[in-house]
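J.: Here are the chains, one letter per residue:
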Amino acid sequence: MATTSSIDQINLSDTLQTAGPESQPKQPGKFLGALGKVAGVATNVILPGAGGIFTDMLRGMGVGGLGSDPVQYLRLQERIQSEARAYEAVSSVLKAKHDAAMDSLRNIAR
Amino acid sequence: MSVANLIKAGMIHCASLRFQEARDAFLQVRALCPGEPHGDIGLGSTCFAEGRFEAAMGHYRQALKLNPCNAYAFALLGESQIFHGERSAARLSLRRACEIDPKGSYGRLAQRLLGLLECLPTHESQVQDRQI
Chain A
-11 MATTSSIDQI
-1 NLSDTLQTAG
9 PESQPKQPGK
19 FLGALGKVAG
29 VATNVILPGA
39 GGIFTDMLRG
49 MGVGGLGSDP
59 VQYLRLQERI
69 QSEARAYEAV
79 SSVLKAKHDA
89 AMDSLRNIAR
Chain B
3 MSVANLIKAG
13 MIHCASLRFQ
23 EARDAFLQVR
33 ALCPGEPHGD
43 IGLGSTCFAE
53 GRFEAAMGHY
63 RQALKLNPCN
73 AYAFALLGES
83 QIFHGERSAA
93 RLSLRRACEI
103 DPKGSYGRLA
113 QRLLGLLECL
123 PTHESQVQDR
133 QI
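Heads up: the sequence lines are chains A and B, in that order.
All residue numbers for the first sequence refer to my numbering, where the first residue is -11 and numbers rise by one.
All residue numbers for the second sequence refer to my numbering, where the first residue is 3 and numbers rise by one.
Incorrect hints may appear among the rest.
Unchecked claim - The calculated lysine-lysine pairs, modelled on BS3-like cross-linking and capped at a C-alpha distance of 27 angstroms, are: (1) Lys10(B) <-> Lys105(B); (2) Lys10(B) <-> Lys83(A); (3) Lys83(A) <-> Lys105(B).
No wet-lab data here; the hints were simulated from the structure.
If you're wondering where the values come from, they're calculated on a predicted model, not measured in any experiment.
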């Protein structure tokens, strides 16, 4: 919808804390590497051939690059939460705008 | 075609990005009901969808001249002011919409927009807040 594209013009990404240089992804630790392999093997048992996809998906999400530093997980969690809040705010505005437009039409039709 | 159907047609054209057709429909609405704010509200919504926020604000102000207690026009004016960077003015318009229609859909829209305004970064509001 056109309104959505207008709303996109507000740079919501600015509300999100961009990760500083200190939060550059580290190389995956041994534990996560092993975990990825185990997840891949386990998925291959349930859905043959899908294990590789699952492992790639974890890498794509950046989970593989987080290392074992819990602070990085907390930063990622904060970022995801603030992103979710921003999306929720925009979505509730769009719904309220639709309801208001429908109400206005109903009032005119009366 | 009735006024309600013309407004519906304008809204559909606007949502389908056929802005000229939407404008034509809302101009007809304005010609049919010159004393009512519906035509200007529709024209304002079309300008907003095109990204022409100043023009949208002009239409909403015209609608408010015709009906100074129109909560919908206040809410939409506040929305355009947010996008134009006039955050203090937007806050005033949205609060006025909440006062006029505290429990209705227009007041709810204004409340949600005020919530969105709070989500935006504060440093940007200081830089972008334009002189009114």
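J.: Tell me the numbers of any earlier hints that the structure contravenes, in ascending order.
T.: none
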